[in-house]
Amino acid sequence: MRVGLLGGSFNPVHDGHIQLACRALRQLELDQVWFLVSPGNPLKPVAGMAPLSQRLALVRQRIHGVRGRRLLATDIESRIGTRYTVDTLRRLKQLFPHVSFVWLMGADGLAQMGRWRRWQDIVHMVPLAILPRPGYNPAALHGQIARKLARWRRPARQAGILAACRPPAWVFLPAPQNAISATQIRASQAGSGHRRE
316 MRVGLLGGSF NPVHDGHIQL ACRALRQLEL DQVWFLVSPG NPLKPVAGMA PLSQRLALVR
376 QRIHGVRGRR LLATDIESRI GTRYTVDTLR RLKQLFPHVS FVWLMGADGL AQMGRWRRWQ
436 DIVHMVPLAI LPRPGYNPAA LHGQIARKLA RWRRPARQAG ILAACRPPAW VFLPAPQNAI
496 SATQIRASQA GSGHRRE
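This note's numbering runs 315 ahead of the 1-based position in the sequence shown.
Take these hints with a grain of salt, some might be off.
Think about it this way: if two alpha-carbon atoms lie no more than 30 Å apart in a straight line, the pair counts; the simulated DSS-like pairs of lysine-lysine are [unchecked claim]:
1) Lys359 x Lys463
2) Lys408 x Lys359
3) Lys408 x Lys463
Label-pair restraints from in silico Cβ distances [unchecked claim]:
4) Arg469 x Gln334: 20 to 26 Å
5) Pro360 x Phe411: 29 to 35 Å
6) Arg433 x Pro412: 16 to 22 Å
7) Gly355 x Gly383: 36 to 42 Å
8) Lys359 x His457: 23 to 29 Å
9) Ala465 x Arg432: 20 to 26 Å
10) Asp346 x Asp402: 23 to 29 Å
11) Pro412 x Ala362: 35 to 41 Å
12) Arg472 x Pro357: 32 to 38 Å
13) Ile476 x Ser368: 20 to 26 Å
14) Ala362 x Gly475: 37 to 43 Å
15) Lys408 x Ala465: 34 to 40 Å
16) Arg462 x His379: 39 to 45 Å
Just so you know, these hints were derived from the structure itself, not from any lab.
C-beta atoms are modelled at their ideal positions from N, C-alpha and C, and glycine is treated no differently.
All chains should be built: construct the whole structure from the sequences, respecting the hints.
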């Protein structure tokens, strides 16, 4: 089984997340994409973060019926007691030894990956699929992490075999970009006086 892992706060989930997951299913020839709804991102402020149960419920609601049962939402990080991606991946590989995982992230994630705990271990655990994000692509693709990983970059035409590649391996999947962001949605809701219940 080939599974893409899309970690995030999803505060809130939006069309860009869903489009990214569907694109990854298709281009990477995955069986499923798991939305790993994080109990808390160590690199993001706690202020304004909706409760985990609410964020998980909204993701499940948004993906219901999309691509059959190939998109799944889980709070597994909370249940297995991990907070950092490196620890989550290590535990998932133990729990699901016959699954080929691919870590999915936007170009913004690649641009700031140097701040992640033990990022070098992450790239040696699973292949990475990088998807475009408006305003981040050049910085990410020419940044420090991309330069360090340059020899393991695969051309986009090989995306379908990425899950079978021995890490480190990564691919940038060029695609139409959705300019929407959770930050913009929260700002819009705050400006309109809309409150989440």
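For each hint, the structure was consulted:
Under the criterion of a C-alpha separation no larger than 30 Å, the hint pairing lysine 359 with lysine 463 is consistent with the structure, at around 25 Å. Restraint check for lysine 408 and lysine 359: the C-alpha separation of about 26 Å stays at or below 30 Å, so the hint holds. The suggested pairing of lysine 408 with lysine 463 holds, with an alpha-carbon distance near 25 Å, which does not exceed 30 Å. Between arginine 469 and glutamine 334, the C-beta spacing of about 22 Å keeps the proposed range 20 to 26 Å intact.
Taken as a hint, the range 29 to 35 Å holds for the pair proline 360 and phenylalanine 411, whose Cβ atoms sit roughly 32 Å apart. Taken as a hint, the range 16 to 22 Å holds for the pair arginine 433 and proline 412, whose Cβ atoms sit roughly 21 Å apart. One distance hint, 36 to 42 Å for the beta-carbon pair glycine 355 and glycine 383, is violated here, with the actual separation near 31 Å. Between lysine 359 and histidine 457, the C-beta spacing of about 25 Å keeps the proposed range 23 to 29 Å intact.
The supplied range of 20 to 26 Å is met by alanine 465 and arginine 432, whose beta-carbon atoms lie about 23 Å from each other. At about 24 Å, the beta-carbon gap between aspartate 346 and aspartate 402 stays in the expected band of 23 to 29 Å. A hinted range of 35 to 41 Å for the beta carbons of proline 412 and alanine 362 is consistent with their spacing of about 39 Å. One distance hint, 32 to 38 Å for the beta-carbon pair arginine 472 and proline 357, holds here, with the actual separation near 35 Å.
In this structure the supplied range 20 to 26 Å is violated for isoleucine 476 paired with serine 368, their Cβ-Cβ distance being about 38 Å. Checked against the hint of 37 to 43 Å, the pair alanine 362 and glycine 475 passes, with Cβ atoms roughly 41 Å apart. Look at lysine 408 against alanine 465: about 25 Å separates their beta carbons, and that is not inside 34 to 40 Å. Taking the beta carbon of each, arginine 462 and histidine 379 are about 41 Å apart, inside 39 to 45 Å as hinted.
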